[in-house]
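Below, each chain spelled out in residue letters.
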Amino acid sequence: MSLKAALRASLAAHPVMWALSALSVAAPFALDSRYYQDIAVMTFLWAGVACAWNLYSGYCRRVSIGHAAFLGIGAYTSSALFLNFGISPWAGMLAGGLLSVAAALLIGGSTLRMRGSFFVLSTIAFAKILEVVAVTAKGVTGGSPGLLIPYRPGLANMVFEGKLPYALICWGYMMLCLAICVCVERSKAGVRLSAIGENREAAESLGVNSSGTMLAAFVASAALTSLGGSIFAQYFMFIEPSSVMGMGNSVNIILLAIAGGMGTAFGPVLGSFILTPLSNLLRGGLTEVSGLHGFVLGVIMIAVLLFRPDGILPQLRIMCGRLAAAFGAGAGAAGGNARPAEAAGPAAAHPARPAPGPARDAGAAPWDGPVLELVSVSKSFGGLKALNGLSLSVREGELLGLIGPNGSGKTTLFDCVTGALPLSGGKVLFRGADISRMKPWEIARAGIARSYQVTQPFGGMSVLGNAMVGAFCVTGDYGEAEAAAAASLMAVGLSHKSGAPAKSLNIGERKKLEIAKALSARPSLLLLDEVMAGLTPTEVAEMGEIVASINRSGVTVVMIEHIMEAVTSLCERVAVLNFGEKIMEGAPREALESPEVAAAYLGAADGS
Amino acid sequence: MEQIAQVLVSGLLSGGVYALASVGLALIFGVVGLVNFAHGEYLMLAMYIAWLAYDLTGASPYASMPLNLALMAVAGYLTFRIIMARVINADHSIQMLITLALSMALQNLALMLWKADYRTVRIEMTNQVIDAGFLVISAPRAIAFAVAALASLLLYLFLQRTWAGTAMRAVAQDGRAAVLMGISLRRVYGQAFVIGTVLVGLAGLLLSPIYPVFPLVGAGFSTLAFIVVVLGGLSSVPGAIAGGLLVGVVESLAGYFAGPAYQQAAYFLLFIVVLIFRPEGIAGGRGGERRR
Numbered sequence: 004m005s006l007k008a009a010l011r012a013s014l015a016a017h018p019v020m021w022a023l024s025a026l027s028v029a030a031p032f033a034l035d036s037r038y039y040q041d042i043a044v045m046t047f048l049w050a051g052v053a054c055a056w057n058l059y060s061g062y063c064r065r066v067s068i069g070h071a072a073f074l075g076i077g078a079y080t081s082s083a084l085f086l087n088f089g090i091s092p093w094a095g096m097l098a099g100g101l102l103s104v105a106a107a108l109l110i111g112g113s114t115l116r117m118r119g120s121f122f123v124l125s126t127i128a129f130a131k132i133l134e135v136v137a138v139t140a141k142g143v144t145g146g147s148p149g150l151l152i153p154y155r156p157g158l159a160n161m162v163f164e165g166k167l168p169y170a171l172i173c174w175g176y177m178m179l180c181l182a183i184c185v186c187v188e189r190s191k192a193g194v195r196l197s198a199i200g201e202n203r204e205a206a207e208s209l210g211v212n213s214s215g216t217m218l219a220a221f222v223a224s225a226a227l228t229s230l231g232g233s234i235f236a237q238y239f240m241f242i243e244p245s246s247v248m249g250m251g252n253s254v255n256i257i258l259l260a261i262a263g264g265m266g267t268a269f270g271p272v273l274g275s276f277i278l279t280p281l282s283n284l285l286r287g288g289l290t291e292v293s294g295l296h297g298f299v300l301g302v303i304m305i306a307v308l309l310f311r312p313d314g315i316l317p318q319l320r321i322m323c324g325r326l327a328a329a330f331g332a333g334a335g336a337a338g339g340n341a342r343p344a345e346a347a348g349p350a351a352a353h354p355a356r357p358a359p360g361p362a363r364d365a366g367a368a369p370w371d372g373p374v375l376e377l378v379s380v381s382k383s384f385g386g387l388k389a390l391n392g393l394s395l396s397v398r399e400g401e402l403l404g405l406i407g408p409n410g411s412g413k414t415t416l417f418d419c420v421t422g423a424l425p426l427s428g429g430k431v432l433f434r435g436a437d438i439s440r441m442k443p444w445e446i447a448r449a450g451i452a453r454s455y456q457v458t459q460p461f462g463g464m465s466v467l468g469n470a471m472v473g474a475f476c477v478t479g480d481y482g483e484a485e486a487a488a489a490a491s492l493m494a495v496g497l498s499h500k501s502g503a504p505a506k507s508l509n510i511g512e513r514k515k516l517e518i519a520k521a522l523s524a525r526p527s528l529l530l531l532d533e534v535m536a537g538l539t540p541t542e543v544a545e546m547g548e549i550v551a552s553i554n555r556s557g558v559t560v561v562m563i564e565h566i567m568e569a570v571t572s573l574c575e576r577v578a579v580l581n582f583g584e585k586i587m588e589g590a591p592r593e594a595l596e597s598p599e600v601a602a603a604y605l606g607a608a609d610g611s
Numbered sequence: 003m004e005q006i007a008q009v010l011v012s013g014l015l016s017g018g019v020y021a022l023a024s025v026g027l028a029l030i031f032g033v034v035g036l037v038n039f040a041h042g043e044y045l046m047l048a049m050y051i052a053w054l055a056y057d058l059t060g061a062s063p064y065a066s067m068p069l070n071l072a073l074m075a076v077a078g079y080l081t082f083r084i085i086m087a088r089v090i091n092a093d094h095s096i097q098m099l100i101t102l103a104l105s106m107a108l109q110n111l112a113l114m115l116w117k118a119d120y121r122t123v124r125i126e127m128t129n130q131v132i133d134a135g136f137l138v139i140s141a142p143r144a145i146a147f148a149v150a151a152l153a154s155l156l157l158y159l160f161l162q163r164t165w166a167g168t169a170m171r172a173v174a175q176d177g178r179a180a181v182l183m184g185i186s187l188r189r190v191y192g193q194a195f196v197i198g199t200v201l202v203g204l205a206g207l208l209l210s211p212i213y214p215v216f217p218l219v220g221a222g223f224s225t226l227a228f229i230v231v232v233l234g235g236l237s238s239v240p241g242a243i244a245g246g247l248l249v250g251v252v253e254s255l256a257g258y259f260a261g262p263a264y265q266q267a268a269y270f271l272l273f274i275v276v277l278i279f280r281p282e283g284i285a286g287g288r289g290g291e292r293r294r
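Chains A and B are the protein sequences, given in the same order.
With this note's numbering applied, the first sequence covers 4 to 611.
With this note's numbering applied, the second sequence covers 3 to 294.
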C-alpha cells in the first residue's frame with residue numbers, strides 16, 4: 004500500500020512533471036518523420052538510463068563513471084542469447100538484468116566501501132575491463148567488429164518495422180525507472196540513501212546500515228541500467244564494445260542527470276528531455292562541423308556545474324513558486340516544492356512541548372539492572388590511553404552528567420558506547436547484553452542514540468527529513484516516520500523550520516536538530532554531547548527544559564556538559580573523568596566541591 | 003635473455019614518459035585535492051601545439067619546446083582562473099564532474115579544429131636508433147626518458163628546496179593549518195595546477211615524435227595516468243614516478259608474453275587488484291584513500 008501512497012503523494016506534489024512525462028508518449032505519434040521519431044526514442048531511452056544511474060549515484064552522491072558497463076552487460080547478454088540460442092530478447096533482457104545484479108554485487112561488495120575518488124576510479128576500471136573482455140572474448144561478443152542482430156520483425160524478437168513500437172518500449176522503460184525512483188524517494192531506503200550521501204557516519208549513528216543500503220541501491224541501479232542496455236541493442240540492432248560500454252555513454256548519462264538535477268526523481272527525465280533532442284539536432288544539423296555538439300554539451304555541463312550545481316529542476320521549482328506567488332495562485336499548484344511559508348507566528352516562538360512518545364522497549368524483556376554498564380573499558384590511540392580501564396553504570400531513567408576537563412575522554416566514551424570506535428579492552432553492556440562488538444547502526448537500533456558535539460546535520464535535506472532518518476529504526480512506513488519526525492521536532496521546538504534545508508539553521512537550531520534526530524529513533528538511552536555549548540543563556544535554559552522533559556518521558560540520558568549550572572540543576576548524579584579514568588561519582592554539589600575534581604579542572608595533574 | 007632485457011628496457015623507457023605524464027596529476031590531486039579527468043586533454047593539446055609548430059614551420063618538437071611549455075602554462079592558468087578556482091570549496095564530486103565535462107569539451111574542440119585525422123610529426127630522429135651492443139634503443143624514446151628524468155628531478159628539488167614548494171607540501175598535508183601559517187590557498191592551488199599542466203604538456207611534446215596525435219589521444223593517457231597515480235598512492239610524486247615505470251614494464255612484458263591485445267587488460271587488472279587490496283597504493287601509507 005505504501006507504494007500506492009508514494010505514487011499518489013508524488014502525483015500531488017509534482018503534477019506538472021508527471022503530466023509532462025506521461026503525455027510525452029504522444030510526441031513520437033505526432034511527429035511524422037523518422038528522424039524526429041528517432042530523437043524521441045533516444046530521449047526516452049536515455050531518460051530511463053539516467054534515472055537508473057540516479058537511483059544510486061544521485062541519491063547517495065557517489066558518482067559512478069562506469070555505468071555504461073551495465074548497459075553493455077544488458078546489451079551483450081540479450082543479443083548473445085538471441086543469436087546463439089534463439090532466446091527472445093524479452094527473456095534475454097531479464098537474464099541480462101540478473102547478470103548485472105551478480106556483477107554489481109561482486110563489484111559493489113568490494114568498491115562501495117571506498118571513499119570518493121577511489122570509488123569513482125574503480126567504476127572506470129570496471130567499465131574498461133569489461134570493454135577489454137568484450138573485445139577479447141570474440142566467441143560470445145564478436146570482438147571489436149561487434150554483433151549484428153538480424154532483421155526479423157516480430158514482437159517475440161523485439162524487432163519492429165517502424166520507430167513507434169520502440170518509442171513505446173522506451174517510454175515504458177522510462178516510466179518504470181521514474182516510478183521506481185519516486186517510490187524510493189518516498190521510502191525508508193530513499194531517506195537513508197540521502198542521509199548516507201550527506202554524512203555516512205552520522206547516518207550510521209541513527210541506525211542506517213550504510214553498506215547494505217548502498218549495495219542494494221547499486222544493485223537496483225545496475226539492473227535497471229542493464230534493461231536499458233538490452234533495449235539499446237534491439238533498437239540499433241548492432242553493438243560493438245565502445246559504442247555501448249565506452250566512456251562516452253557513461254558521461255552522457257551523468258550529463259543528463261546533472262543538468263536536470265541529480266538526486267531528484269524528475270531531474271534526469273527533464274535533463275534528457277532538454278539535452279537529448281538538443282544534442283541530436285546539433286549533431287544532425289551541423290554534420291560538416293563534427294565535434295560541435297560534444298563541445299556544446301561539455302560547455303553546458305561546465306556551466307551548469309559552475310552556476311547551478313543542483314541542476315535545472317530545483318531552479319525551475321523556485322521560479323514556478325515565485326510566478327505562482329506573483330499571480331496570487333495557490334503556491335502548491337505548479338511549484339510543488341515552493342518554500343513552505345514562514346510558520347505560524349507566536350506559536351513558533353513558544354511552541355507547546357508535549358512529551359515525546361514513550362521510550363521504545365528495546366528487548367521487550369523486562370530488565371531491572373543498569374541500563375548501561377561499562378566494564379573496565381579501555382581505548383588507546385597509539386600510545387595515548389584515552390580511556391583507561393573505566394567502569395561506569397547508568398541507572399534506568401536517570402539523567403547522568405558526564406564532566407571532566409577537555410581531553411579527559413568523555414566524547415571517546417560516547418564513541419566507544421555507540422560503536423563509532425572499537426574498544427581496546429573491556430566491554431559495554433546495554434540492558435545486560437554485550438554490545439562491544441556491534442556495529443554503530445545495530446547499536447542505534449538496539450535503542451542508544453547520540454548527538455554530536457560538532458553538529459552533523461544532513462545539510463541538503465530538509466529539517467523534517469533529517470529527523471526522519473532515525474525514525475526508520477522504529478517503523479518502515481514513510482507516513483509514520485514523518486509523523487514521528489514531526490513529533491520530535493515539536494519536542495525540541497523546531498516545528499516551524501521543518502521545511503527548511505538543514506544547512507540554513509543557526510547554531511542553536513542545529514543543536515536542537517541534533518536532539519530531534521536522535522529522539523526520532525525512540526532511544527531508551529540518549530547520549531548528549533555538549534548540546535549547550537555555544538548557546539546564549541536563554542537558549543541554555545530552553546535546552547535544559549527540553550532535556551529534562553525528554554528525561555521525564557522515560558528516556559535515560561547521559562549528558563556531557565561544561566556548563567556546570569546546567570549540570571547541577573538537571574542531573575541528580577555526575578561522573579567525573581580525568582585522563583581516561585573515573586575519578587569521582589556522586590551528587591553534583593559533592594563532586595564540584597571535591598578537591599580532587601577541582602585539581603583535575605585546574606590542572607594540578609595526576610590528582611596527587 | 004637478451005630479448006627480455008630489450009623488453010624491460012623499452013618498458014622502462016615508456017614508463018619514464020608515463021611517469022612524467024602522471025606526476026602532474028599526482029601533484030594536482032595531492033595539493034588541490036582535485037581528480038582531474040581533463041589531465042590527458044592537456045597532453046593532447048601539447049601534442050597538437052608541437053604538431054602545428056612542425057606543420058607550419060618545420061620546427062622539431064624540441065625546438066618549439068619553450069613556446070609549447072609557455073602556452074601550456076597559459077592554458078593551465080586560464081583553466082584554473084576561469085573554472086577550477088570557482089569550485090575549490092565545492093563538493094569533490096562536483097569538481098570531478100567539472101573536469102569530466104572539461105575533458106569532453108576539449109576533445110570535441112580538438113575534433114572541430116583539427117578533425118579526427120591522425121597527425122604525425124616526422125622529424126629525422128623519429129626513426130633513429132641508438133645501438134648499445136645487444137640493446138637497440140629508439141632515439142626519441144631515449145630523449146623522452148632523459149628529459150622526463152630531469153624534469154622529475156627539478157620538480158623534486160622545487161618541492162624540497164624552495165619556499166613555494168614547501169608551501170605546496172604544507173597545503174597537501176593540511177590546507178587549513180597552512181592558511182594559518184600565512185599561505186594563500188588559492189595561489190598555491192593555482193601554482194600546483196599550472197605546474198601539473200606544464201608537466202603533462204612536456205610529456206605530450208616528448209611523445210609527439212613517437213605517437214600520432216588525434217583528438218582522443220589524451221583519453222587513453224588519462225586512464226593510464228590514473229592507474230599510475232593510484233599505484234603510487236594517488237597524491238605522492240615519487241609514488242607516481244615509480245608507478246609510471248612499473249606500468250611501462252608491465253605493459254611491455256604483457257605485450258611480449260601474451261600479445262599486444264592483452265597489454266591494456268594487464269594494467270587494468272593490476273589497477274583493480276591494487277584498488278581492492280591496497281587502495282593506499284603500493285608504497286603509500288594506510289589511510290590515503292580516506293583523505294578524499
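Honestly, the hints are just simulated from the structure, not real lab data.
Take these hints with a grain of salt, some might be off.
Unchecked claim - If you want the ones that stay clear, here's a sample from chain B, every Cβ over 12 Å from chain A, calculated:
| hint | residue |
| --- | --- |
| 1 | 4 |
| 2 | 7 |
| 3 | 93 |
| 4 | 98 |
| 5 | 224 |
Unchecked claim - Restraint ranges, calculated between C-beta atoms of paired labels, are given here:
| hint | chain 1 | residue 1 | chain 2 | residue 2 | range |
| --- | --- | --- | --- | --- | --- |
| 6 | A | 394 | B | 171 | 28 to 34 Å |
| 7 | A | 37 | B | 255 | 26 to 32 Å |
| 8 | B | 117 | A | 141 | 51 to 57 Å |
| 9 | A | 330 | B | 183 | 54 to 60 Å |
| 10 | A | 593 | B | 166 | 57 to 63 Å |
| 11 | B | 164 | A | 509 | 42 to 48 Å |
| 12 | A | 330 | B | 171 | 38 to 44 Å |
| 13 | A | 330 | B | 166 | 28 to 34 Å |
| 14 | A | 479 | B | 119 | 30 to 36 Å |
| 15 | B | 8 | A | 37 | 54 to 60 Å |
| 16 | A | 33 | B | 181 | 34 to 40 Å |
| 17 | B | 119 | A | 158 | 57 to 63 Å |
Built from N, CA and C at the ideal position, the CB exists for glycine as well.
So, going through the hints one by one against the coordinates:
Taking the minimum C-beta to C-beta distance to chain A, about 30 Å, the non-interface status of residue 4(B) holds against the 12 Å cut. The beta carbon of residue 7(B) is kept farther than 12 Å from every beta carbon of chain A, the shortest such distance being approximately 28 Å. Not every Cβ of chain A is farther than 12 Å from the Cβ of residue 93(B); the closest lies at roughly 7 Å, contradicting the non-interface assignment. A cut-off of 12 Å between C-beta atoms contradicts the statement that residue 98(B) is not in contact with chain A; the least separation is 6 Å.
Non-interface call for residue 224(B) relative to chain A: violated, since the shortest CB-CB distance, roughly 9 Å, does not exceed 12 Å. Between residue 394(A) and residue 171(B) the CB atoms are about 45 Å apart, so this pair departs from the stated range of 28 to 34 Å. Checked against the hint of 26 to 32 Å, the C-beta distance between residue 37(A) and residue 255(B) comes to roughly 51 Å, which is inconsistent with it. For residue 117(B) and residue 141(A), the Cβ-Cβ distance of about 31 Å falls outside the hinted range of 51 to 57 Å, so the restraint is violated.
Taking 54 to 60 Å as the suggested C-beta distance range, the pair residue 330(A) and residue 183(B) conforms, at roughly 56 Å. Distance hint for residue 593(A) and residue 166(B): a CB-CB separation of about 59 Å, consistent with the stated range 57 to 63 Å. Between residue 164(B) and residue 509(A) the CB atoms are about 44 Å apart, so this pair conforms to the stated range of 42 to 48 Å. Under the hint 38 to 44 Å, the C-beta atoms of residue 330(A) and residue 171(B), about 59 Å apart, miss the expected range.
The beta-carbon spacing between residue 330(A) and residue 166(B), approximately 58 Å, falls outside the hinted interval of 28 to 34 Å. For residue 479(A) and residue 119(B), the Cβ-Cβ distance of about 60 Å falls outside the hinted range of 30 to 36 Å, so the restraint is violated. In this structure the hint that residue 8(B) and residue 37(A) lie 54 to 60 Å apart at CB holds, the actual value being about 57 Å. Checked against the hint of 34 to 40 Å, the pair residue 33(A) and residue 181(B) fails, with Cβ atoms roughly 59 Å apart.
For the pair residue 119(B) and residue 158(A), the supplied restraint of 57 to 63 Å is violated, since their beta-carbon distance comes to about 45 Å.
Of the numbered hints listed earlier, those contradicted by the structure are 3, 4, 5, 6, 7, 8, 12, 13, 14, 16, 17.
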